[in-house]
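Colleague: Here's the letter readout for the chains.
There are 2 protein chains.
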Amino acid sequence: MKFTIKRSAFLKSLADVQRAISSRTTIPILTGLKIIANDEGLTLTGSDSDISIEAFIPISEEENLLTIEKTGGIVLQARFFSEIVKKLPEETMTIEILDHFQALITSATASFTINGLDPNNYPHLPIIDTSESFTLPVNLFKQVIGQTVIAISTHESRPILTGVNIVIENGKFLAVATDSHRLSQRVIPIEMNDEQASKKYNIIIPGKSLIELSRTLDETSDTIEMMITENQVLFKSENMYFYSRLLEGYYPDTKRLIPDNSSTEISFNASALLGSIERASLLSHEGKNNVVKITINPDLIEISGNSPDVGNVKEELDYLSVEGEPIELSFNPDYMKDALRTFGQTDIKIKFTSPVRPFILVPSENGQDFIQLITPVRTF
Amino acid sequence: MKFTIKRSAFLKSLADVQRAISSRTTIPILTGLKIIANDEGLTLTGSDSDISIEAFIPISEEENLLTIEKTGGIVLQARFFSEIVKKLPEETMTIEILDHFQALITSATASFTINGLDPNNYPHLPIIDTSESFTLPVNLFKQVIGQTVIAISTHESRPILTGVNIVIENGKFLAVATDSHRLSQRVIPIEMNDEQASKKYNIIIPGKSLIELSRTLDETSDTIEMMITENQVLFKSENMYFYSRLLEGYYPDTKRLIPDNSSTEISFNASALLGSIERASLLSHEGKNNVVKITINPDLIEISGNSPDVGNVKEELDYLSVEGEPIELSFNPDYMKDALRTFGQTDIKIKFTSPVRPFILVPSENGQDFIQLITPVRTF
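Protein chains in written order, with the working numbering: chain A, -18 to 361; chain B, -18 to 361.
You can trust all of the hints, since none of them are fake.
The calculated lysine-lysine pairs, modelled on DSSO-like cross-linking and capped at a C-alpha distance of 27 Å, are: (1) Lys68(A) <-> Lys318(B); (2) Lys67(B) <-> Lys274(A); (3) Lys51(B) <-> Lys68(B); (4) Lys274(A) <-> Lys68(B); (5) Lys(-13)(B) <-> Lys295(A); (6) Lys295(B) <-> Lys(-7)(A); (7) Lys217(B) <-> Lys123(B); (8) Lys(-7)(A) <-> Lys189(A); (9) Lys68(A) <-> Lys295(B); (10) Lys68(A) <-> Lys269(B); (11) Lys68(B) <-> Lys318(A); (12) Lys330(A) <-> Lys68(B); (13) Lys274(B) <-> Lys68(A); (14) Lys51(A) <-> Lys295(B); (15) Lys318(B) <-> Lys67(A); (16) Lys51(B) <-> Lys295(A); (17) Lys123(A) <-> Lys181(A); (18) Lys67(A) <-> Lys274(B); (19) Lys(-17)(A) <-> Lys295(B); (20) Lys67(A) <-> Lys295(B); (21) Lys123(A) <-> Lys153(A); (22) Lys67(B) <-> Lys269(A); (23) Lys67(B) <-> Lys318(A); (24) Lys(-7)(B) <-> Lys295(A); (25) Lys295(A) <-> Lys68(B); (26) Lys68(A) <-> Lys330(B); (27) Lys67(B) <-> Lys295(A); (28) Lys67(A) <-> Lys269(B); (29) Lys269(A) <-> Lys68(B); (30) Lys295(B) <-> Lys(-13)(A); (31) Lys295(A) <-> Lys(-17)(B).
Reference listing, derived: stretches of chain A covered by chain B, where coverage requires no fewer than 3 residues with Cβ under 8 Å from a Cβ of chain B: (32) 61 to 75; (33) 86 to 98; (34) 285 to 294.
Since the hints were derived computationally from the structure, they do not count as laboratory data. Please read all numbers here as calculations on a predicted model, not as lab measurements. Backbone N, C-alpha and C fix where the C-beta goes; we use that ideal spot for every residue, glycine too.
Start from the sequences and build out the full structure, keeping to the hints where you can.
Modeller: Given below as structure tokens:
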């Protein structure tokens, strides 16, 4: 193998592929980056066995300044190799394989000879043997990921809850995540062909995979293809394949958790309420119990917190409208902050039923397709 | 005490004072910030008993929007308090002392009540009973600090080497630091009155103090006053007093370490050479011995490195001029990087005497007042 390439083009693909490469893997070759040069271009591959990413750099894109003198392949230690590529002196670099899987990297008068591995020993990527695929709009799909992954569990005690449950049926794509204290659910429309329309797809994608996927998706493509098999999912965009394993098991039935009536409804600008919650949480973080209290009655709508060792905080809230019964309940302000951030600058409605039942946050406009749910903390 | 102030003005002084406040102190009150309001303005004080910083916010500077309704003082837990001030909703805030040293902090509809301590229990700052003072230009002094602190020792085994030795005599201000593997020395002119001219001042200021001092010095003042006592030094700028303890003991005689002749001299642009050293050090950091080799002979001027497990690197160097004997020696590239960074974009001369004797880096122009010295590593 011998090729010359513009370093910035190589680094861009390398950065994407590196998201899948962990230095803490138990399989030594997986700390490496696989590079394959063929007549069409370069393929870079990284994997931590949960996630695998393959990026393609085509010769046909002239701005890559890619010329391939000799095809072939190698596996190079990813972190160290990427540092070298970043620091090289010239705009382009040349990589040539010498004997014994050594790579010679040259740029201007600088040359590195580093030890590599046989690419034939690199594990094979999963085979996705399905012709069925769904098309998702990149921007909307990134939004769905951002809105739901906040609610995944970070504890391995119930592994299934570390994933996002995706259910596709009747032209709808539903994503839901819960750590059993809070829940986030988003529904978007999806195009289905006749064969797909007669089926139901129900998978659980690890939250970590979706977070990494979201980071690799940029606005260069409008859409991304999703292909589902028994235990893998593949997201295909132009020049990038992103594979993730699926979590096995049954996701809990979350529909029954979402209350369908409410006794108190109050509207806020999400970002204004976020500011108030952030202030109150400064105090709750210093105390033993990380809770703040919201009080809604005809005379007073405020949040407050009290940590005897540190002090107390209270703030009258700037709300848009309120209706229903007076209520007072306590909650973990960190859950509330996470939820509010997913709404950005929009106006939201909070619907309460009782001080001991979960309450929900929905957008003031179109409150059906996006729901954040939080379980209160009992303080009595 | 009760006052109202523009939050941004308060935060600016607070950020300076917080440099002296450590959360890991064994004296609980020193995790606090002392606030004193008198008829002229607010004084904020922080200390970790090595460094003490006092910042003054005068009523007379109208942009501070400072009004003092009632004088007095309190000590508040610095980290937590500063987070509150940062997050408050309005441009201004009001702080009022309630009974039992509780502080009521209000801004718009938000109010915090936090527990504080009696300011009378805060340790007294050192008393600087000298009328003698030196005037230093802020920018030049910051440069001296940046150039010398890179060579202080970070090991407590020889505490004296964790400081910078400052010697003032004959109208010269000399700063020198060494960790016994490398040395950095800078000399600048200093104005002395007749009484000072007859004396010699020799002190050791902890490197950590100088680093923090440098961070608090901004370009709002042209000069800073330095006052020296038996075991303390005070740097006074407009509205800020910075106290540091001095290190006790004798600093080693560094003059004899600096070679006064050379057998090989080579010139580089400091920043170009830095690029080459950074590349070579990528490899040396992966290997067992963190060394790179420089080779200077009529056919070849290059740096190279070899770590059998990882690979090797070599690069022909882009030099400006060379004279003297061929030489080949090895050094720690991290010392070289630190040294080169202190020269910025300027041209430098490296002077070698032998592969086992220290070599020095000096500016190509005016090579007397600034010297970086590095001891080679024996590899044979």
